[in-house]
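S.K.: Given next are the chains, with one letter for each unit.
2 protein chains.
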Amino acid sequence: MSQFSYQLIAEDPKTSARAGILSTPHGDIETPVFMPVGTLATVKGLFPDQLKTAGIQILLGNTYHLALRPGAEIVEELGGLHQFMDWDRPILTDSGGFQVFSLAKLTKLTEKQVVFRSHIDGSILELSPEKAVRIQEQLGADCIMCLDECPPHDVEFGRMREAVDRTTAWAARCREAQVRDDQMLFGIVQGGTNQKLRERSVEGLLSHDFPGYAVGGLSVGESPEEMYKTLDFTVPGLPTDRPRYLMGVGTPRDLLESVSRGIDMFDCVMPTRNGRNAMAFTSDGSVKMRNAVHQRDERPLDAECDCPACTRYSRAYLRHLFMAKEMLGPILLSLHNIAFYQRLMRDLRSAILTGEVGEFVASRLARWGR
Amino acid sequence: MSQFSYQLIAEDPKTSARAGILSTPHGDIETPVFMPVGTLATVKGLFPDQLKTAGIQILLGNTYHLALRPGAEIVEELGGLHQFMDWDRPILTDSGGFQVFSLAKLTKLTEKQVVFRSHIDGSILELSPEKAVRIQEQLGADCIMCLDECPPHDVEFGRMREAVDRTTAWAARCREAQVRDDQMLFGIVQGGTNQKLRERSVEGLLSHDFPGYAVGGLSVGESPEEMYKTLDFTVPGLPTDRPRYLMGVGTPRDLLESVSRGIDMFDCVMPTRNGRNAMAFTSDGSVKMRNAVHQRDERPLDAECDCPACTRYSRAYLRHLFMAKEMLGPILLSLHNIAFYQRLMRDLRSAILTGEVGEFVASRLARWGR
Numbered sequence: 009m010s011q012f013s014y015q016l017i018a019e020d021p022k023t024s025a026r027a028g029i030l031s032t033p034h035g036d037i038e039t040p041v042f043m044p045v046g047t048l049a050t051v052k053g054l055f056p057d058q059l060k061t062a063g064i065q066i067l068l069g070n071t072y073h074l075a076l077r078p079g080a081e082i083v084e085e086l087g088g089l090h091q092f093m094d095w096d097r098p099i100l101t102d103s104g105g106f107q108v109f110s111l112a113k114l115t116k117l118t119e120k121q122v123v124f125r126s127h128i129d130g131s132i133l134e135l136s137p138e139k140a141v142r143i144q145e146q147l148g149a150d151c152i153m154c155l156d157e158c159p160p161h162d163v164e165f166g167r168m169r170e171a172v173d174r175t176t177a178w179a180a181r182c183r184e185a186q187v188r189d190d191q192m193l194f195g196i197v198q199g200g201t202n203q204k205l206r207e208r209s210v211e212g213l214l215s216h217d218f219p220g221y222a223v224g225g226l227s228v229g230e231s232p233e234e235m236y237k238t239l240d241f242t243v244p245g246l247p248t249d250r251p252r253y254l255m256g257v258g259t260p261r262d263l264l265e266s267v268s269r270g271i272d273m274f275d276c277v278m279p280t281r282n283g284r285n286a287m288a289f290t291s292d293g294s295v296k297m298r299n300a301v302h303q304r305d306e307r308p309l310d311a312e313c314d315c316p317a318c319t320r321y322s323r324a325y326l327r328h329l330f331m332a333k334e335m336l337g338p339i340l341l342s343l344h345n346i347a348f349y350q351r352l353m354r355d356l357r358s359a360i361l362t363g364e365v366g367e368f369v370a371s372r373l374a375r376w377g378r
Numbered sequence: 009m010s011q012f013s014y015q016l017i018a019e020d021p022k023t024s025a026r027a028g029i030l031s032t033p034h035g036d037i038e039t040p041v042f043m044p045v046g047t048l049a050t051v052k053g054l055f056p057d058q059l060k061t062a063g064i065q066i067l068l069g070n071t072y073h074l075a076l077r078p079g080a081e082i083v084e085e086l087g088g089l090h091q092f093m094d095w096d097r098p099i100l101t102d103s104g105g106f107q108v109f110s111l112a113k114l115t116k117l118t119e120k121q122v123v124f125r126s127h128i129d130g131s132i133l134e135l136s137p138e139k140a141v142r143i144q145e146q147l148g149a150d151c152i153m154c155l156d157e158c159p160p161h162d163v164e165f166g167r168m169r170e171a172v173d174r175t176t177a178w179a180a181r182c183r184e185a186q187v188r189d190d191q192m193l194f195g196i197v198q199g200g201t202n203q204k205l206r207e208r209s210v211e212g213l214l215s216h217d218f219p220g221y222a223v224g225g226l227s228v229g230e231s232p233e234e235m236y237k238t239l240d241f242t243v244p245g246l247p248t249d250r251p252r253y254l255m256g257v258g259t260p261r262d263l264l265e266s267v268s269r270g271i272d273m274f275d276c277v278m279p280t281r282n283g284r285n286a287m288a289f290t291s292d293g294s295v296k297m298r299n300a301v302h303q304r305d306e307r308p309l310d311a312e313c314d315c316p317a318c319t320r321y322s323r324a325y326l327r328h329l330f331m332a333k334e335m336l337g338p339i340l341l342s343l344h345n346i347a348f349y350q351r352l353m354r355d356l357r358s359a360i361l362t363g364e365v366g367e368f369v370a371s372r373l374a375r376w377g378r
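Chains A and B supply the protein sequences, listed in that same order.
Every letter in the first sequence is one number past the one before it in my numbering, and letter 49, counting from 1, is 57.
Every letter in the second sequence is one number past the one before it in my numbering, and letter 231, counting from 1, is 239.
Treat each hint with caution, since some may be false.
Which copy is meant is left open, because identical chains are indistinguishable; a pair holds if it fits in one copy or across any two.
Unchecked claim - Keeping only pairs whose Cα atoms sit at most 30 Å apart, straight-line, the calculated BS3-like set for lysine-lysine is:
#1 Lys60 with Lys333
#2 Lys333 with Lys237
#3 Lys22 with Lys237
#4 Lys139 with Lys296
#5 Lys52 with Lys296
#6 Lys113 with Lys333
#7 Lys237 with Lys204
#8 Lys333 with Lys139
#9 Lys333 with Lys296
#10 Lys52 with Lys333
#11 Lys52 with Lys113
#12 Lys237 with Lys139
Bear in mind the hints are in silico, worked out from the structure with no lab data behind them.
Put together the whole structure using the sequences plus the hints.
M.R.: As structure tokens, this is what we get:
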């Protein structure tokens, strides 16, 4: 019997939003879900216990980064990613494809594989569909991804079609290469913002019957409206009984708009990266923590939030930490932003269960000033 | 009735080590005690709860830094240092004297006050005994310090005597300036490594009957042996019914040697600063965490330690965090080193209670390879 499954629990009557339960060897995940990014086997500055207290159900790890440092073999030797980083809940790893095409210097791309230079030491490395699966089997995440080709969003049609077809061919090889049966392999839909190519990509993947489908190549330079439109013509082609993961997205608004279009899973560095840079998401919109207006402000950052930054400290203290370049500032704001995203997804799921997604989304967007 | 007291509980029969209880408005402290440094109203990278779990009883805050950022008035407005930084156990603040004479650029030193330039923005500021007390009353720590003059340890005799006499005169003015009765004011003994000057300093302070005495001007360039010798002829002159605080010290060995000579309180940036720089104190001596020898080491950093770094992670993971420049590395090693210092003081106190300090110190020094 399979060690993972996706169960559809509820569908909002007026939007395409849906609630589900994704079961994995490391526990169940209530969807829609946001996954904080733990690139190098750590969510920057935070303890696993703090993430659990915030309600986080699943983390993302980056295969490209982990393969370079400390190396997949070392992680495997040390018991796999869960044990290595002391996280006993589910983990998803990406394939490394996106990073190879964005961070690394590409040297050669063929049907067989992609050859690139490490962004750390310039050494020449190869990544093939088989190798991407092998590395992810060594890391041992619950959800793993097929290797995809991620061209810039604005390449011309022919080049984008080539990337779609290569991604489809590589997906078949990933499916074939998989040895472990306790990892849920996701196929990745590419095709930029072009409807024909997205449909071609979905069609190519469906024949391999993946247990999960990801939408890649979005939030890479196109406008939010183009992204939402792309979801409008892409998501309906995906099977309803499989989880749908929108990779690398996004803003709080992106999450609301994308869940409304049928997406179940998200990851993004925004809550942690913005937190480290003194930008907080709050119930009333975003707050720049270094702003002088907070200097003597005794109030909490967000009175509706139950995270340590909001229940234990004043805005004045949080500002002080950033002005004094104290580590606790980035730590507290990262934790707060993760708690904000988590609460947003929890409340959105409740709205799905009661069939009030439209009202929920409208009221949040209005409150954030959109 | 006074809101603070020092109660002598036990004296080791063969050394000058002693155990006591220091009572403050924010609770009792078992001495000898080590105080982690929270310069800017935060122990770098750590949550108050993590410090409590490690058993920390009292923190130190730096008056000079806090007066510059965020400013003593702002801290007072926000309820004082305890509330500002969410620490409800005792706090000690220094007077700012040491920082003025080391970090800032001195412009004028008179009997009245010291004029200096801020190390942050170059603005010209003044610190007098009265102002040092006033600022510390605004910050609201449980233990506060007299303003002292801290010349380099190797100045000639006449210059050092001048500093001793100024420190004594300033101590009298600090005692006089104190308005709040819920803060324990410590006089500071100066005099470098010179016996005559240390005795002169002690004598000058005793007439003002301070509730606590600090030994300043040590661990500033002299050898450990010179420091221990200075304690040998300084500490016996201090009253037995008052706590004795050795400022800015030190290594684990320094703590053992100094407690053996009758010191009750310590503060030092070493556990946190070294931790941030990948150096860990362990039961078997110090460990450099970036060393390649740890790359595949599944063992904990210190099998005898119950801190999160040691109970949850492998040496390989800790090394990975430092190699990848991940914040969690400095955080975990700071916490570990603080837990190490705390456990050392707790065990040392037990040895005092059973009259076995000599054996305890000898066995620890042997194990650390001294």
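S.K.: Which of the listed hints are broken here?
M.R.: 2, 4 and 12
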